[in-house]
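Colleague: Please build the complex by placing chain B on the supplied structure of chain A, with the hints as guidance.
Protein chains in written order, with the numbering used here: chain A, 2 to 157; chain B, 2 to 659.
It is worth saying that the hints were derived from the structure and are not from the lab.
Do not rely on the hints blindly, as some may be mistaken.
To spell it out: a stretch of chain B is covered by chain A in this simulated footprint if at least three of its residues, at any positions, have a beta carbon under 8 Å from a beta carbon of chain A; those stretches are [as the list claims (entries may be wrong)]:
1. 46 to 60
2. 313 to 322
3. 476 to 490
4. 580 to 594
Using 30 Å as the maximum straight-line C-alpha spacing, the simulated BS3-like pairs for lysine-lysine come out as follows [to be verified]:
5. B:K415 to B:K336
6. B:K65 to A:K7
7. A:K7 to B:K415
8. A:K7 to B:K518
9. B:K477 to B:K518
10. A:K4 to B:K336
11. B:K336 to B:K65
12. B:K268 to B:K232
13. B:K336 to A:K7
14. B:K427 to B:K232
15. B:K477 to B:K232
16. B:K415 to B:K268
17. B:K268 to B:K477
18. B:K427 to B:K268
19. B:K477 to B:K415
20. B:K268 to A:K66
21. A:K4 to B:K65
22. B:K518 to A:K32
23. B:K415 to A:K4
24. B:K415 to A:K62
25. B:K268 to B:K336
26. B:K415 to B:K427
We put the CB at the ideal spot given by N, CA and C, even for glycine.
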Amino acid sequence: MTKRQKRMVAVGALVLGVGLAAALGFTAFRKNMMYFYTPSDLLTGKLAAGAALQLGGLVEKGSLKRGEGLAIEFVMSDCHNAVPVHYEGVLPDLFREGQGVIATGHMDAQNVFVASTILAKHDENYMPPNVAKAVGEVDGKHSCAPFKSVTTASSN
Amino acid sequence: MIPELGHFAVILALGVALLQAIVPLLGWRRRDARLLSFAGSAAQGQFLCIAAAYACLTYCFVTKDFSVAYVAENDHSQLPLIYRITAVWGAHEGSLLLWVLILSGWTLAVSVFNRRLPLDMSALVLSVLGMVSTGFYLFILLTSSPFTRLVPAPAEGHDLNPILQDPGLAIHPPMLYMGYVGFSVAFAFAIAALITGRLDAAWARWTRPWTTTAWMFLTMGITLGSWWAYKELGWGGWWFWDPVENASFMPWLAGTALIHSLAVTEKRGLLKSWTVLLAILAFSLSLLGTFLVRSGVLVSVHAFASDPSRGTFMLAFMAVVVGGALTLFAWRAPKLITTGELQLFSREGLLLFNNLFLVIAAAAVLAGTLLPLVLDVLGITKLSVGPPYYNVVFLILIAPLFLLVGLAAVVPWKRGDWRETARRLKVPAIIAVILMVVLPFALHGRTTLLAATGALFGCWAIFAAAQDVWRRVRAKPEWRAGLRAVPRAVWGMTLAHIGLGIWALGVSGVVSFGDEKDVRLARGAETELGGYNFRFQEAGEQAGPNYTAQQGTVLVEHGGKLIATLHPQKRLYPSQGTVLTESSIDAGLMRDLYVSLGESYDDGSWSLRVYYKPMIRFIWLGGIFMFFGGLLAASDRRYRLARAAERRAIEIAEGAVA
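Just chain A, same shape as in the assembly (with noise of 0.2 Å):
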């Protein structure tokens, strides 16, 4: 081979070896993306049963159950819709009642969610910016009663 040919190889392995790499990165990034959703999005759109997702949203005061071992239920909601939530595990430090959290996990066929992680903020103030968006698209005005406190705390 010529010194040009040589150097047409490299630059063609090169240009294969880049375009593998982002069509794998591609793949492994639509597989494991998950998209986000509020309650109401979650009751009003269509969603295939079992596909993994994260649910935002506020833990319904006084909806908080605990069952056998570390079963534990509570409400989720976004002033508009509630979907109830079930997780088995500990919970992070900060999950209270009127908190805002995100959940991953999946609906499953009666339409209950079960959790697989549940994340809470570390600042009592904060609420993930996710589901204060939600929160705020839902209801503009804060006029939210039960959420009042948490969603004027997360403005400013």
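Modeller: For chain B alone, kept in the frame of chain A given last:
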């Protein structure tokens, strides 16, 4: 009075930084040595100013001056002294002040150690650093002054976020910033090279120790961050692919590529414009990291500031710095290109591949971090990519890097020889293959595909790196003389590559054989995990300096013998009403036993999270090895000798002109 002095010192520092940016540039245009040498004095003056400002803020924290808004927000009368000092960088404003203090410290170091450099080069480097400082001072003064007063002053502070009251976090940000900010020096060297057109082996030799030093601090910062997250967040993980972690990991990847491409530029005079581009990239990613963390655009534990003016300023500043640098690059780089022949199978060729994979890895992290943000901002959709994305992409990208790392020390510059390479790597390869099979069984009694792969990669990196030192030592008749004959740079490289191997062993070990369990235990009840018996003894009250804790006692037994008594806590910090889980860990080189408390139930039982984490310490041990590798490499004798020789040559040349 003190806060006002601090504020004034920042303004003064801004003025000095402006002069430091402009005067040397003028001096360079006019070929005026006096103007050029002003840069050094300015750098020292600027450091004095900002150190004074930083001291003022620290004083306010120590004396609990709650009339200062930032102090009131992050201090508390019951906060222990050590955390009052570290609370200075506990939130946005103060951590920016730390940032500029460190930037100024790097600038000072450049002005001191670069005395041997040609005057115009060192002056231009300081000028560029002055420009960066100017931007950050403006940022502080316009959007985030830590010295703003609060009227009326509250009687009590709001307290430092309890999660930050930990020794790991006390040193993590300074280390991380040393790394982040350190890349500004490499960036300044790159810009100075573009301006002067002097981009040669000597330039690479000047830049290398600075870059390696910055890289080693960043490595340590990330390692400490990982360790802190592991023990403090109570989730037992060592890396979450959290956007803020990614923000520090991207500059690390670019910086790792940079220290390797600098080697090619120094030894072979090749890849010059690529090296300059990487230096710009590494610093741009540091700035991006700062922007992501400080603007609060991320859904993350670290996003404590969400003020649109800050985000806008950072974005504009980044656009100016990165845009300006890239424009300069586009304009000047074509003139600096040298046509040299690059053999693919040679050390420089392999390093080119190393760079390729590292940059793709950085791009993959960037995509995962920014794409969801961009989609959200454009209002298209809200999504996030989970750790599986990064794990898959990284496994694919890291495999060829491990192959390369073994070849690194063996394949010579210019042209490699397949047969010679195979001869020298035969032993490491055989050892690695044997250990791939044996090691998982020996350590854990079983194996998995990932564990075997990790053992193969890790042992390959370790033994291939050790092989090079072994060969050098054997070349001497006596081993002590042989050990001394190995240059520090080679020790550094060897240590860093061994560190990478250790890291791989740790990751594959803990991912393959780690186990965890959430359980609800009544008093006296027990649970089994990883061959260990955890008995929940009791829970009682415990008082700390500024918190009260529910403390559990967990007895760990193995083979009928008591091996550890753990005391996980659930702490209540009354100042903020915050509850914090404090895990309790029985740490060992080969395994960690980790227990954290969940919550108590009415019947007196508690929920607990129990982890068995084999070899997790190897992950951080690998980081420590890399840190010391960087330390050795940066302190190699030849940088000092070469600098002295260059200085003599310059003096002779200057004497000839005079």
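Colleague: Could you run down the list of hints and mark each one as holding or not?
Modeller: Taking the hints in turn, this is what the structure says about them:
Counting residues of the stretch 46 to 60 of chain B whose CB lies closer than 8 Å to any CB of chain A gives 0, which falls below the minimum of 3, so the coverage claim is violated. A stretch counts as covered by a chain when three or more of its residues have a beta carbon under 8 Å from one of that chain; for the stretch 313 to 322 of chain B and chain A the count is 0, and the coverage is violated. As drawn, the stretch 476 to 490 of chain B meets chain A at 0 residues by the rule of a beta-carbon pair under 8 Å; below three, the given contact is violated. As drawn, the stretch 580 to 594 of chain B meets chain A at 3 residues by the rule of a beta-carbon pair under 8 Å; at three or more, the given contact holds.
With a CA separation close to 24 Å, the supplied pair K415 of chain B and K336 of chain B stays within the 30 Å bound. Simply put, K65 of chain B and K7 of chain A have alpha-carbon atoms about 69 Å apart, too far for the 30 Å limit, and the pair is violated. Between K7 of chain A and K415 of chain B the CA atoms are separated by roughly 17 Å; this keeps the pair inside 30 Å, and the hint holds. Restraint check: the Cα-Cα separation between K7 of chain A and K518 of chain B comes to about 56 Å, which exceeds 30 Å; the hinted pair is violated.
Pair hint K477 of chain B plus K518 of chain B does not hold up; C-alpha atoms about 55 Å apart against a cutoff of 30 Å. Of the pairs offered as hints, the one joining K4 of chain A and K336 of chain B holds, with about 24 Å between alpha carbons and a cut-off of 30 Å not exceeded. Between K336 of chain B and K65 of chain B the alpha-carbon distance is near 57 Å, which puts this suggested pair outside the 30 Å criterion. A C-alpha spacing of about 43 Å is found between K268 of chain B and K232 of chain B, which places the hinted pair above 30 Å, so the restraint is violated.
Note on K336 of chain B and K7 of chain A: the hinted pairing holds, with a Cα-Cα distance of about 26 Å set against a maximum of 30 Å. In summary, the hint linking K427 of chain B to K232 of chain B is not supported, as the alpha carbons are separated by about 41 Å, beyond the 30 Å threshold. Simply put, K477 of chain B and K232 of chain B have alpha-carbon atoms about 46 Å apart, too far for the 30 Å limit, and the pair is violated. Restraint check for K415 of chain B and K268 of chain B: the C-alpha separation of about 10 Å stays at or below 30 Å, so the hint holds.
Restraint check for K268 of chain B and K477 of chain B: satisfied, since their Cα atoms lie roughly 25 Å apart, inside the 30 Å limit. A hinted pair counts as satisfied when its Cα atoms are at most 30 Å apart, and K427 of chain B with K268 of chain B qualifies at roughly 27 Å. The hinted pair formed by K477 of chain B and K415 of chain B meets the criterion: a straight-line CA distance of about 25 Å does not exceed 30 Å. Our distance criterion of 30 Å between C-alpha atoms is broken by K268 of chain B and K66 of chain A, whose separation comes to about 68 Å.
In summary, the hint linking K4 of chain A to K65 of chain B is not supported, as the alpha carbons are separated by about 71 Å, beyond the 30 Å threshold. Under the criterion of a C-alpha separation no larger than 30 Å, the hint pairing K518 of chain B with K32 of chain A is consistent with the structure, at around 27 Å. The hinted pair formed by K415 of chain B and K4 of chain A meets the criterion: a straight-line CA distance of about 16 Å does not exceed 30 Å. Of the supplied pair hints, the one linking K415 of chain B and K62 of chain A is violated, its CA atoms being roughly 71 Å apart against a limit of 30 Å.
For the given pair, K268 of chain B sits about 21 Å from K336 of chain B by alpha-carbon distance, which is consistent with the 30 Å threshold. Among the hinted pairs, K415 of chain B with K427 of chain B is consistent with the structure: their alpha-carbon atoms are about 22 Å apart, no more than 30 Å.
The structure fails to meet hints 1, 2, 3, 6, 8, 9, 11, 12, 14, 15, 20, 21 and 24 from the earlier list, while all remaining hints are met.
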